[in-house]
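If you read the protein sequences in the order shown, they are chains A and B. Position 41 of the first sequence, counted from 1, bears residue number 41 in our numbering, the numbering being contiguous throughout. Count along the second sequence starting at 1, add 188, and that's the number in our numbering.
You may find that some hints are simply not true.
Said to hold, decoys possible - To list a few chain A residues with every Cβ distance to chain B over 10 Å, as calculated:
no., residue
1, S15
2, N124
3, K144
4, V150
5, S175
What the hints assert, rightly or not - Straight-line distance between alpha carbons at most 30 Å, and here's what the computed DSSO-like set of lysine-lysine pairs gives:
no., chain 1, residue 1, chain 2, residue 2
6, A, K144, B, K317
7, A, K32, B, K448
8, A, K72, A, K164
9, A, K22, B, K236
10, A, K21, B, K448
11, A, K108, B, K289
12, A, K57, B, K289
13, B, K236, A, K21
14, A, K108, B, K317
15, A, K162, A, K184
16, A, K21, A, K32
17, A, K22, B, K448
18, A, K128, A, K32
19, B, K282, A, K22
20, A, K32, B, K289
21, B, K405, B, K266
22, A, K22, A, K32
23, B, K405, A, K95
24, A, K21, B, K266
25, A, K95, A, K164
26, A, K184, B, K448
27, A, K184, B, K350
28, B, K448, A, K128
29, B, K316, A, K164
30, B, K236, B, K289
31, A, K144, A, K108
32, B, K316, A, K32
33, B, K282, B, K266
34, B, K317, B, K350
35, A, K95, A, K106
Unchecked claim - Quick list of simulated restraints, FRET-style, between CB atoms:
no., chain 1, residue 1, chain 2, residue 2, range
36, B, Q436, A, L126, 19 to 27 Å
37, A, A69, B, I250, 47 to 55 Å
38, B, N197, A, V89, 29 to 37 Å
For the record, the hints were derived by calculation from the structure and aren't laboratory data. Beta carbons: idealized from backbone N, C-alpha and C, even for Gly.
Each chain is listed here by its residues.
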Amino acid sequence: MRAGIINLNTGNLLSIVSAVKKAGFETVVIDKPQADFDVLLLPGQGRFGFVAAQLDKYNWREFILNWIAQDKRFIGICVGMQLMFESSVEDTDAKGLGVFSGQIQKLKHAKTPMVGWAKLNSENELFKDDYVYFVNSYAIASSKYCIASVNYAGDFCAAVQKGKLYGFQFHPEKSGLYGRELLKQCLN
Amino acid sequence: MSQLNTWLNTSLVPRIIACLDVANGRVVKGTNYKQLLDMGEPIELALKYEQQGADEIVFLDIKASVDKQQSALEMVRKVAMNLSIPFTVGGGIKQLSDVDKFFNAGADKVTLNTAAVETPDLIDQIAKKYGSQSLIIAIDVNREKSGKLAIYTHGGSISVKKSYQQWLDEVVDRGAGEILMTAMHKDGTGTGFDLELLAQEDFSLPIIASGGANEPKDFLDAINAGADAVLAAGIFHRGEYSVTEIKQYLINNNIDMRMKK
């Protein structure tokens, strides 16, 4: 099984690459669209607008939308998850992929970014009551496809799923052995 | 009590952080920053604490110098490939290009002390380039014989002119993401954290309490006094308590902790 990790030059990919390798995948970091993979991952750090601009700069937008339309497996992490929605209050002019509807909001807590471990509130056995690691100032408040949520001066959606499409606001690659197991389950 | 404010309306839980003081590629522990004892291999120890349930690892290269930077970067790269929890590195950072090297090697956060005091603008630069969440400012504070709080740099050897309060406000203002507060008068003494220091104000960013952990109750007291995270070294390295045992004690005392389901 082969996994492609999309490199948008927004941060270090060493941890996510190692985590996907350890899940048993042949893992390749890709700078431009390439289709010979079983799963694509979109990690992302930094501003919504910047990451969205990088998607266009390296011609990823249409490719990803086609990939998803063909019902192929896709995982967005952190800002990579946020980009699956329509827009964000962080950069209102920037366009997300719009695979899910909704606008990313700023967290309402006095201490932002939210940094640390939180227990997932979920009805899904895989996610229920496990702790994962968050580093974010923005999130989607709710979604029809939300499968796990946490509270940070208001509930937000920690994970979304629609078929083979996953979005994680937290960092599974930094969420201990549970995070590694979760990633493995969602990759397969 | 800041404890109430800290843990209200959030799913976040207090963190237990294992600190590895590294010198010449080995983990060491000193008392009041002097007399170093060899404690073992950095990566081996980090993986052990990860297994025990540590929420984060901090590596401090306390004898960092330019010629040793390459080996430090090599260690960071290995850690990034093997650890499944976040980790912070510090020591020997003087300018933004040093920080770039650590992040390129896979570090999640960096921590500064001396460099921040000597070049406060470095705080702004790092926060702007990598975001506040990537930056921990370490403050070594000592309660002087006069009773006043003084700030120290260079591993606790040089006293700084700025007052504690002035410096604290400045680092928050410049964009620090977290404060690693070490009470030097408590460090390595095993007499508990400085609770008065932790409880004296409502900090606007996460506070990591450091220096003085001797028994499980010290962790509980620090969290109850308002610490968002507690960092310890010797108590773990000497094998007196495992991270698991500390966490279990805290859970038994009604503090939520990340534990396996």
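Structure versus earlier hints, numbers of those that do not hold, lowest first: 1, 4, 5, 6, 7, 11, 18, 19, 21, 23, 27, 29, 38
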